[in-house]
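**Student:** Here are the chains, one letter per residue:
2 protein chains.
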Amino acid sequence: MIELDPKHDRFLQPLMATLEQVAAIFERQLASEFPAVESLCSHVSRYRGKMLRPTLTLLSGVAAADGDLGVLESDDLRRLSAVFEMIHMATLVHDDVLDEADQRRGGETVNRLNDNETAVMLGDYLISNAFHLAATIGDADLTERIGRVTNTLCEGELIQLHHRDDLGLDLETYLATIRRKTAVLVGACGQLGARVAGGTEETAAALGIFGEHLGVAFQIRDDVFDLEGETEVVGKSVGRDLAKGKLTLPMIILLDSAETVTFADAVEAFRQRDASAVLQLLRDADATGKAIAFAVEQVEAAKSAIEGLPLGGTEDLLRDLADSVVDRSH
Amino acid sequence: MIELDPKHDRFLQPLMATLEQVAAIFERQLASEFPAVESLCSHVSRYRGKMLRPTLTLLSGVAAADGDLGVLESDDLRRLSAVFEMIHMATLVHDDVLDEADQRRGGETVNRLNDNETAVMLGDYLISNAFHLAATIGDADLTERIGRVTNTLCEGELIQLHHRDDLGLDLETYLATIRRKTAVLVGACGQLGARVAGGTEETAAALGIFGEHLGVAFQIRDDVFDLEGETEVVGKSVGRDLAKGKLTLPMIILLDSAETVTFADAVEAFRQRDASAVLQLLRDADATGKAIAFAVEQVEAAKSAIEGLPLGGTEDLLRDLADSVVDRSH
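Respectively, the protein sequence lines represent chains E and B. 1 is the number of the first residue of the first sequence in the numbering used here; add one for each residue after it. 1 is the number of the first residue of the second sequence in the numbering used here; add one for each residue after it.
Worth double-checking, as some hints may not be accurate.
For chains that are exact copies, the list does not tell them apart, and a pair is met inside one copy or across any two.
As the list claims (entries may be wrong) - Once the Cα atoms are required to be at most 20 Å apart in a straight line, the calculated SDA-like pairs of lysine to any residue come out as:
hint: 1; residue 1: K244; residue 2: D76
hint: 2; residue 1: K244; residue 2: N116
hint: 3; residue 1: K244; residue 2: R112
hint: 4; residue 1: K246; residue 2: A36
hint: 5; residue 1: K290; residue 2: S257
hint: 6; residue 1: K246; residue 2: R179
hint: 7; residue 1: K290; residue 2: T200
hint: 8; residue 1: K246; residue 2: R28
hint: 9; residue 1: K246; residue 2: D222
hint: 10; residue 1: K50; residue 2: I252
hint: 11; residue 1: K303; residue 2: D274
hint: 12; residue 1: K246; residue 2: I137
hint: 13; residue 1: K246; residue 2: R148
hint: 14; residue 1: K50; residue 2: A285
hint: 15; residue 1: K246; residue 2: F34
hint: 16; residue 1: K303; residue 2: S237
hint: 17; residue 1: K244; residue 2: R10
hint: 18; residue 1: K246; residue 2: D66
hint: 19; residue 1: K244; residue 2: G168
hint: 20; residue 1: K290; residue 2: E202
hint: 21; residue 1: K290; residue 2: E100
hint: 22; residue 1: K246; residue 2: N114
hint: 23; residue 1: K246; residue 2: I292
hint: 24; residue 1: K50; residue 2: S32
hint: 25; residue 1: K303; residue 2: Q280
Calculated directly from the structure, the hints in this document are not laboratory data. Please read these numbers as outputs of a predicted model, since none were measured by experiment.
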């Protein structure tokens with residue numbers, strides 16, 4: 001779970017207790033009479049990390065209910081939180097296949113532990129169960145909205161694949177891609193969490209925008225970890241973006257601002273998949289620093305989106321949650 | 001589309017016209033503003049083949065509505081048909097990744113044309129869109145049932161992967177696997193097609209059982225094609241089951257009935273992935289013939305499931321459809 005200041009304990013304690021319930025729903029949903037399926041799902045449960053998506057879903061529910069912690073008892077809200085975590089897990093499992101990654105949350109990935117085929121099918125099992133669980137909430141409109149979110153998410157992944165090794169990728173396309181791939185889902189946590197808790201349209205929309213900005217910031221932070229982090233600290237394979245020809249914000253900033261000679265060096269280092277040369281060039285140009293600054297701007301935009309809204313005392317916690325998306329060690 | 005006797009034209013003509021509308025819904029659902037996504041979806045549209053699933057969905061609707069062809073105008077029934085075809089397409093795209101197949105419906109597979117990563121994500125895009133389209137029907141219970149079907153389908157695929165190279169795989173486990181992997185979806189076409197058309201519980205249940213038996217028969221026929229068919233005739237890569245260590249009914253029958261020497265030869269040929277030796281042993285034992293006979297029994301069981309039910313004059317067509325699942329050249 002995300003680490004936040006104990007001053008928020010009035011909200012954090014019940015939130016953490018509810019996340020346990022969300023985890024129980026998650027596991028119950030994936031239960032199978034077949035031991036082979038069971039053991040795969042247990043392995044995936046180990047991937048559970050910061051729980052950003054269910055945390056934001058629950059917290060948005062509380063905020064939209066004017067701070068009433070009673071909404072955490074809502075089975076619909078808990079299920080919705082589990083749905084978003086399950087969708088996220090499915091993308092992790094399939095991303096690991098795409099990235100040929102070996103490590104995830106300090107353990108072996110499914111593709112490494114079993115094989116790519118099993119990882120593809122396990123991801124499908126998670127997607128299917130996420131939709132099934134969403135449908136059990138019994139609100140067709142909600143299910144449709146979730147389907148729209150995952151359509152967008154998959155489009156984002158396809159566009160990203162399409163731009164592999166595209167050194168002409170511009171900032172606008174990069175942002176449109178990570179918005180689709182990552183931010184729209186986090187936005188849905190805010191928006192639909194508020195909606196299921198009975199919040200107003202205005203509050204739901206604002207928490208949706210809050211979540212989208214958080215999602216963009218989160219992805220940029222992750223992209224920087226992938227470039228300069230260490231597997232032991234980050235807990236998952238790093239250097240995968242470069243290895244797979246995936247251009248992210250620091251590299252886009254570098255290429256955009258570089259003089260002719262540096263530009264040629266950067267292109268060459270990228271093409272050669274020379275991680276240390278790329279990192280040196282990024283550091284010389286302060287490109288990772290500028291990328292983090294961009295992420296911080298997104299955090300500030302998130303805070304602005306909820307400014308002045310009555311959120312039942314959760315305002316401070318939401319702001320700290322926003323900051324934590326960039327200020328994290330892994 | 002499945003080829004059937006022109007004597008059924010009273011039903012077949014409107015069915016074929018409606019399948020065109022179903023195809024239009026399918027394409028509209030997958031439309032994307034991104035050319036890269038668009039072109040992938042157009043490629044997948046080429047995979048459209050026998051349209052067994054949407055045909056059975058529509059026909060079950062007509063049968064459940066006592067032969068009233070007016071139900072073919074129902075947008076819900078058309079969408080449901082498109083949903084089932086889309087789920088099927090998603091499984092084809094991911095199966096081709098799993099099987100490392102090159103050919104599908106006489107053209108290149110997505111994994112071959114692009115790469116495995118794109119095929120994984122395109123399959124996800126299809127699954128997501130199938131659920132989204134299902135949710136637009138606006139019936140939460142229906143969406144939940146569809147989710148349950150795809151949960152089962154993925155479980156079937158995972159169990160199949162688990163039993164790769166398991167020469168001790170018995171008939172019961174094989175049948176339980178193909179039931180989950182293939183038959184439950186075809187059963188849902190019958191059952192939910194009838195349900196959406198306003199049929200009685202009894203009719204829907206009977207058409208569900210009809211579809212399940214058809215699904216089992218269809219899978220066995222496909223498994224035999226994979227062993228003894230030719231790519232040019234079948235239109236897709238063959239010999240993939242053996243190449244991937246997948247035991248299917250003919251091989252199970254062979255191993256089950258073989259004398260000691262033949263058994264050892266069969267195990268050896270299977271382990272060596274020696275397709276011609278496997279085929280020779282299967283032919284000597286008439287194992288593919290016995291597998292087809294088993295499939296024919298399933299077709300007969302399908303017919304029995306709807307015997308005596310009032311189906312508005314579609315009885316004959318349903319029986320011919322059942323026969324066509326085994327009596328086909330590809």
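**Student:** For each hint given before, does the structure comply? Return the numbers of the non-compliant ones in rising order.
**Tutor:** Those not satisfied are hints 1, 7, 8, 10, 11, 12, 13, 14, 16, 17, 18, 20, 21, 24, 25.
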